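Starting from the structure of chain A, add chain B where the hints point.
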Amino acid sequence: MFDTVAEKKFLLKELVKKDLTAKYKDSVLGILWSFFNPLLIMLVFTAIFSMLFGRSIENYPVYFLSGRLIYDFYNSATKGAMGSIKRHGNLLKRIYVPKYMFSISAVCYEFVNFLISFVILFGVMIITGAKFYLTSVYAIIPILLLIILIFGVGLILAVCNTYFSDIGYLYNVFTLILMYASALFYPIEIVPVTIQKIFSLNPIYSAISCFREAVVYGVVPDASTLSYLAVFAFTVFFIGILLFSIYDKKLALEI
Amino acid sequence: MSIFDKFRKTNKNSILKDGDKEVAIEVTDLVMEFKITKDKIDTLKEYIIRTIKRNKKEKQKIRILDGISFKVYRGERMGVLGFNGAGKSTLLRIISGIYEPTEGTVKINGKVAPLLAISAGFDKNYTGKNNIFLNGAYLSMDEKYLKEKYDEIVEFSELGEFINYPVKNYSKGMQAKLGFSVATAIKPDILILDEVLGVGDIKFKRKSSAKINEMMKDGVTVLLVSHSIGQIKKICDRCIWIENGKIVMEGEAKKVCEAYVKSSKKK
Numbered sequence: 026m027f028d029t030v031a032e033k034k035f036l037l038k039e040l041v042k043k044d045l046t047a048k049y050k051d052s053v054l055g056i057l058w059s060f061f062n063p064l065l066i067m068l069v070f071t072a073i074f075s076m077l078f079g080r081s082i083e084n085y086p087v088y089f090l091s092g093r094l095i096y097d098f099y100n101s102a103t104k105g106a107m108g109s110i111k112r113h114g115n116l117l118k119r120i121y122v123p124k125y126m127f128s129i130s131a132v133c134y135e136f137v138n139f140l141i142s143f144v145i146l147f148g149v150m151i152i153t154g155a156k157f158y159l160t161s162v163y164a165i166i167p168i169l170l171l172i173i174l175i176f177g178v179g180l181i182l183a184v185c186n187t188y189f190s191d192i193g194y195l196y197n198v199f200t201l202i203l204m205y206a207s208a209l210f211y212p213i214e215i216v217p218v219t220i221q222k223i224f225s226l227n228p229i230y231s232a233i234s235c236f237r238e239a240v241v242y243g244v245v246p247d248a249s250t251l252s253y254l255a256v257f258a259f260t261v262f263f264i265g266i267l268l269f270s271i272y273d274k275k276l277a278l279e280i
Numbered sequence: 004m005s006i007f008d009k010f011r012k013t014n015k016n017s018i019l020k021d022g023d024k025e026v027a028i029e030v031t032d033l034v035m036e037f038k039i040t041k042d043k044i045d046t047l048k049e050y051i052i053r054t055i056k057r058n059k060k061e062k063q064k065i066r067i068l069d070g071i072s073f074k075v076y077r078g079e080r081m082g083v084l085g086f087n088g089a090g091k092s093t094l095l096r097i098i099s100g101i102y103e104p105t106e107g108t109v110k111i112n113g114k115v116a117p118l119l120a121i122s123a124g125f126d127k128n129y130t131g132k133n134n135i136f137l138n139g140a141y142l143s144m145d146e147k148y149l150k151e152k153y154d155e156i157v158e159f160s161e162l163g164e165f166i167n168y169p170v171k172n173y174s175k176g177m178q179a180k181l182g183f184s185v186a187t188a189i190k191p192d193i194l195i196l197d198e199v200l201g202v203g204d205i206k207f208k209r210k211s212s213a214k215i216n217e218m219m220k221d222g223v224t225v226l227l228v229s230h231s232i233g234q235i236k237k238i239c240d241r242c243i244w245i246e247n248g249k250i251v252m253e254g255e256a257k258k259v260c261e262a263y264v265k266s267s268k269k270k
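As they're listed, the protein sequences go chains A and B.
Using this note's numbering, count along the first sequence one by one with no gaps and you end on 280.
Using this note's numbering, count along the second sequence one by one with no gaps and you end on 270.
Note that these hints are calculated values from the structure, not bench results.
These numbers come from a predicted model, not from an experiment.
For glycine and all other residues, C-beta sits at the position ideal for the given N, C-alpha and C.
Worth double-checking, as some hints may not be accurate.
[As the list claims (entries may be wrong)] Cut-off 30 Å, straight-line C-alpha distance, at most; resulting in silico cross-link-like pairs (BS3-like, lysine-lysine):
(1) K43/A with K114/B
(2) K127/B with K50/A
(3) K268/B with K258/B
[Stated by the list, open to error] Not the full set, but computed from the structure, chain A residues with beta-carbon under 7 Å of chain B:
(4) A31
(5) L116
(6) V122
(7) K274
Same shape as in the complex, but just chain A (with noise of 0.2 Å):
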């Protein structure tokens, strides 16, 4: 059973395809919904702060955007893979399928989102007359550290969350914590030198900056920050694997 590399690429490919028809089948309104979402609430803070921030910030829109789009990643896919093995109980008792393929198969549809979620950028990047630079390649590191965050972050919140239920409240609410934390919608000098570096620690803020640096300012991103986020990442990667393969055989008890 799932030996070779061959049935678990089709089980993957099968689990991310059973998401996607699910919300973008028969309408086009579906796909219209994941871009009016992130648009809308950039046009809402675009409002209110650009007034405030205006000054500091030179491209308010593509400022937001550029870090909501990957925050929302960060959200989205956590929690999907949080919620995967719960929400696929019924069949994991009766079949022997790896768990951990549907946490990987969260990721995977949240990651075809974020991707689709990229002609929103490109749109407004060029309704606000936003320059390109090439340096946008280098926004492929920040991007691939973060999904392996994200991988070790999932693993560990979908054990965690098969033993205890209100994980997903405590989440929110850390996930809310982190979203005032990554500068999304500010600048970082608006806060004290102290708090700043506080800041500095959240290796969402990390990719954000980093992508930013890539994509809007046209620089190469700061090596420093990115090996902060490399370590950061493959430690919780690496935490999420060990975890999730102690309990892995236990949890077909507690679904």
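Below, chain B without anything else, positioned relative to chain A:
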């Protein structure tokens, strides 16, 4: 991510032999314990409060399987008998890889097709066609193989045009037919059956038992759990009888069946 597969990989030792007969399933000293509490703590809040108050209910261990050992040889048809709650389903789940046993080992030699829950993996909003691929993936078939088999599966399921409709519009019987057709499309070495032979109407029942018979002729190893003595007598060569997590009797199917029926009349 091979670390996850450690457990299953170790199961796949080189071909197990016992004398001149090849062993398909080898179960050694299998013990399965479930932990149960009167009120289960399933929130972190509760867990922390109880830990501080030192008010955690003690967990009770229940032994479902208690030291079971048996071998099934290649091509053999083994029946499993036992009254309700004897641990048959748990045993099948362990052999299918769903549960990890508390103690003991299960060695499996070959590809397993568990016909335990044939329509468990259906997505109700998906069409029959999409569900064939989804379920095939759950049962560890790869894409190429499934595409080759697709027409055969549709034909066997007798669904015709309905294959393009969502499964939520299917009747129970139609769902079962489709599930059976997908699950048996796999070419397994070992077939695990939990009373699924009674699927669909009389016509389909005949067809499905013909299909299983055909698989048996190809030399597939069968592990069958059933409450139907007639079925076990007809299909199986050998039989084990489980009671209170222990093997009470093991041997020729007819003898075990007779003893089993006798004991049921006593109580």
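Going through the hints against the structure:
no., hint, result
1, K43/A with K114/B, "holds, 26 Å"
2, K127/B with K50/A, "holds, 14 Å"
3, K268/B with K258/B, "holds, 16 Å"
4, A31, "holds, 4 Å"
5, L116, "holds, 5 Å"
6, V122, "holds, 6 Å"
7, K274, "holds, 3 Å"
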